[in-house]
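Asks: Could you build the full structure based on these sequences and the hints that come with them?
Chain by chain, the residues run as shown.
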Amino acid sequence: MAGVQVRDLTIRFGSNEVLSGLNLDVHEGEFLVLLGPSGCGKSTLLHSMAGLIDVAGGQIDIGGQDMTWAEPSERGIGMVFQSYALYPTMTVERNMSFGLRVAGMPRAEIAQRVQRAAQMLQLGALLNRKPSQLSGGQRQRVAIGRALVRDAGVFLFDEPLSNLDAQLRSELRRELKLLHQNLGSTMVYVTHDQVEAMTLATRIVVMKGGQIQQIGAPGDVYDRPANLFVAGFLGSPGMNFIEGKVQVSQDMARFSAEGMLLDLADCPARSALKDGARVVLGLRPEHIHIAEHGECAGTVQLVEPMGNHQVVWIDQGHRHLAAMVHEKTPLQAGQTLRFDVDRQSLSLFEQDSGLRI
Amino acid sequence: MRAVYLPAAPVARHRPRRMSAGRVGVYAFLLTAALFFLLPLYIMLTTSLKSMDEIRLGHLFALPLAPSIDAWRAAWSTVCTGVSCEGVRVGFWNSVAIVVPSTLFPIAIGALNGYALSFWRPRGANVLFAVLMMGAFIPVQVMIYPLVKILAAVGLFSSLPGIVLVHTVFSMPVMTLLFRNYYLGIPQELFKAARVDGGGFWRIFVQLMLPMSTPILIVAAIMQITGVWNDYILGLVFAGNEHLPMTVQLNNVINTTTGERLYNVNMAATMLTSAVPLLVYFVSGRWFVRGIAAGAVKG
Numbered sequence: 219m220a221g222v223q224v225r226d227l228t229i230r231f232g233s234n235e236v237l238s239g240l241n242l243d244v245h246e247g248e249f250l251v252l253l254g255p256s257g258c259g260k261s262t263l264l265h266s267m268a269g270l271i272d273v274a275g276g277q278i279d280i281g282g283q284d285m286t287w288a289e290p291s292e293r294g295i296g297m298v299f300q301s302y303a304l305y306p307t308m309t310v311e312r313n314m315s316f317g318l319r320v321a322g323m324p325r326a327e328i329a330q331r332v333q334r335a336a337q338m339l340q341l342g343a344l345l346n347r348k349p350s351q352l353s354g355g356q357r358q359r360v361a362i363g364r365a366l367v368r369d370a371g372v373f374l375f376d377e378p379l380s381n382l383d384a385q386l387r388s389e390l391r392r393e394l395k396l397l398h399q400n401l402g403s404t405m406v407y408v409t410h411d412q413v414e415a416m417t418l419a420t421r422i423v424v425m426k427g428g429q430i431q432q433i434g435a436p437g438d439v440y441d442r443p444a445n446l447f448v449a450g451f452l453g454s455p456g457m458n459f460i461e462g463k464v465q466v467s468q469d470m471a472r473f474s475a476e477g478m479l480l481d482l483a484d485c486p487a488r489s490a491l492k493d494g495a496r497v498v499l500g501l502r503p504e505h506i507h508i509a510e511h512g513e514c515a516g517t518v519q520l521v522e523p524m525g526n527h528q529v530v531w532i533d534q535g536h537r538h539l540a541a542m543v544h545e546k547t548p549l550q551a552g553q554t555l556r557f558d559v560d561r562q563s564l565s566l567f568e569q570d571s572g573l574r575i
Numbered sequence: 019m020r021a022v023y024l025p026a027a028p029v030a031r032h033r034p035r036r037m038s039a040g041r042v043g044v045y046a047f048l049l050t051a052a053l054f055f056l057l058p059l060y061i062m063l064t065t066s067l068k069s070m071d072e073i074r075l076g077h078l079f080a081l082p083l084a085p086s087i088d089a090w091r092a093a094w095s096t097v098c099t100g101v102s103c104e105g106v107r108v109g110f111w112n113s114v115a116i117v118v119p120s121t122l123f124p125i126a127i128g129a130l131n132g133y134a135l136s137f138w139r140p141r142g143a144n145v146l147f148a149v150l151m152m153g154a155f156i157p158v159q160v161m162i163y164p165l166v167k168i169l170a171a172v173g174l175f176s177s178l179p180g181i182v183l184v185h186t187v188f189s190m191p192v193m194t195l196l197f198r199n200y201y202l203g204i205p206q207e208l209f210k211a212a213r214v215d216g217g218g219f220w221r222i223f224v225q226l227m228l229p230m231s232t233p234i235l236i237v238a239a240i241m242q243i244t245g246v247w248n249d250y251i252l253g254l255v256f257a258g259n260e261h262l263p264m265t266v267q268l269n270n271v272i273n274t275t276t277g278e279r280l281y282n283v284n285m286a287a288t289m290l291t292s293a294v295p296l297l298v299y300f301v302s303g304r305w306f307v308r309g310i311a312a313g314a315v316k317g
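Taken in order, these protein sequences are the chains called A and B.
The opening residue of the first sequence carries number 219 in the numbering used here; numbering runs sequentially from there.
The opening residue of the second sequence carries number 19 in the numbering used here; numbering runs sequentially from there.
Derived from the structure by calculation, the hints contain no laboratory data.
Negatives, chain A to chain B, calculated, CB over 10 Å: (1) 279; (2) 327; (3) 384; (4) 385; (5) 413; (6) 509.
Chain B is faced by these chain A residues, among others (derived, beta-carbon under 10 Å): (7) 265; (8) 270; (9) 298; (10) 301; (11) 318.
Source: prediction; values computed, not measured.
Note that CB positions come from ideal geometry on N, CA and C, so glycine has one too.
Replies: Here it is, written out as C-alpha cells:
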C-alpha cells in the first residue's frame, strides 16, 4: 500500500501546457476519483503518475519515493485502461501473467497469484480463452485481474467502465468498490461520469482546464460545491441557478430575483452576505418542495417519471427549475403549483468570480 | 424473421431482377478483360508445348498437335544464356539466393523501424520518416552510379551480399511505411499496458507486436518476393556474373543473336521465370487482401 504525492507538476504537449504547477496528495488506502469533462487534464495526470507521459516540471512520489523519472514498471502500480488493452494473441492466463513473467517470478508463485485474482474476479473458467472470445465485461475483468496480480501499492484506472453498457457498468462499479473494501489498496480513478465518482470515491477531485477545482468527500463536494462549475457538474438533473441580488440590513437578509423573494435568515452563509451583492443562488432539485401554500409559484412545463421519483420542470417565465418530487402526486403539464425552498441546503455564489460565499 | 415486424400495409417494393442490363454489361466487360489478359498466357503455353516445325506453320492460336515438354526441359537445363549453356536453372537458384535474404532482412528491419516510429517516437522520428519517404520518390537510376562506386570501395560490388544490401536499402521506405501504418492502427493503450507490465523495447516487439503482425508480415513478404524476383536492373548492375538473377538470364536467352530463334524454348523459359511470382499470388491472394483490409478493421 502506498500514497501518491504530486508536487508542482507541469506537463506540456508541444507548446501547450496541459497541467501547470499542480499539487495533489493521494492518501494511503483511499479511493480517489479524478472527475472532470474531457480535456480537463485528468487522464494526463493519471498517465503521468503511471510514467507513461514525460513531465516538464515537478515531482511525483509514490510510496514516499521519488518516481518522477522511474520506468512505469518500477513504480509499483497496476493500471486498467478504457479500451481494456488486452494482449490479443495471448490467453487470459497469459495476459494476466505477462508482467510477472517479465519480472522473472517463479512459476509456482505466478500460478498462485493468477489463481487468486481469477477467483476474486470469477475468471476461473475463462483462463484459456483469447480476449476476442470474451464479452466486454469479461474483458474489463481480465484487465482488472492483470493489474491485481501485480500486487501493486497503487491501482490506476483510466475510465475503465466507459466502454460498457449501463447495466454492466453499474455491476462492475459495485465489484470495484467491493474490491477496494477487501484489498484496501490506494486507487486513483479517472472518470467523467459523476455517478461513478459519487458512488466509488473516498474523495473526489474535480478538475477543469488543468486546474483542480475542489477536493473533498463526495457528500461535501455535492452539498458544498466550491464554485459554479463544480455545482453544475455534479448532480442529475443539475443544480438550478438563479441570478439575483442580496439585500441585507440589520435584522434581515433576503435574496431577490425576478419573481422570487427569499428570506435568507437560515442560510449558512448569512454572515458573509453583503448588501447589494450580485449573486447566483444554487438550488438542488431535491431541495424544492411542492407545498400547497409555498412561497414561490410556477407552472408545470414537463414531468419526467423516474419510477421511484419524478422530475418536474417548473416554468417561471424566463426561468426553468428542475424539482425532484418523491410523492406520487399526479402532476399535469400546464398546471400551476406552489413550492418551498430548503434554505439550509442552498448555495450562494458570487456572480463575477463564481466562487461560493 | 424481421418481416413480421413490418407494417401491415404492403410496401411498394419488389425483388430486384437477377439480370439487369447493367449487370450484363458488367459481366461482358469482365469477360473481355479476362480474355484480353489470358490470351498472351494461352499463346505462351501452347507455343511452349509445340515443336519448332509446328510453330513455323504459323497457326498461332491452334492447340499443339503433339504436345511435348522438350522445350521446357531445354529451357531449364540446356539453353544457352550468353556463353554458358546450362539453362535458366542457374539463374533460378541465383534468384532464390538473392530473394531469401532480400526478403528476410528488409522485413525484419522494416518491422523494427515501423514499431519504433509508431510506438516509441524517438526525438526526430518525423524527420527521419520524412527523409525515408523522400528516398522512395528518387528514381533508382539516379543512385546506381554512386552506389557502384560506394560498393566497389568497400569491396561488395558484384557479390551476393552486395546485391542483398542494395535490395535491402531500396526496399526500406516501403517496408517502413507498411509496418508503421499497421502499427499506428494498434491502440497506444496496448503498448502502454505492456510498458506498465515491464516490457522493454525488444520484449514488446517480439512477444506482443510481432505475433499481432501476421497479416502485414505476409503482405510484406509478397511485396518483397515478387519485387526482388522481378528486378532486372539492380541484379544486372550489382549481382556480378556469378549471381545474375533469373530475369537477366532470361533476357540473355531471348536476345541471343546467333542461330535460330527457338520460340518454344523462349516461351518456356519466360514461364519458368514468372512461375515464382505467379505461385506467390495464387497461394497468398487471400492474405494479400486481408492484409490490406486489416488497417480498416478494428481489433
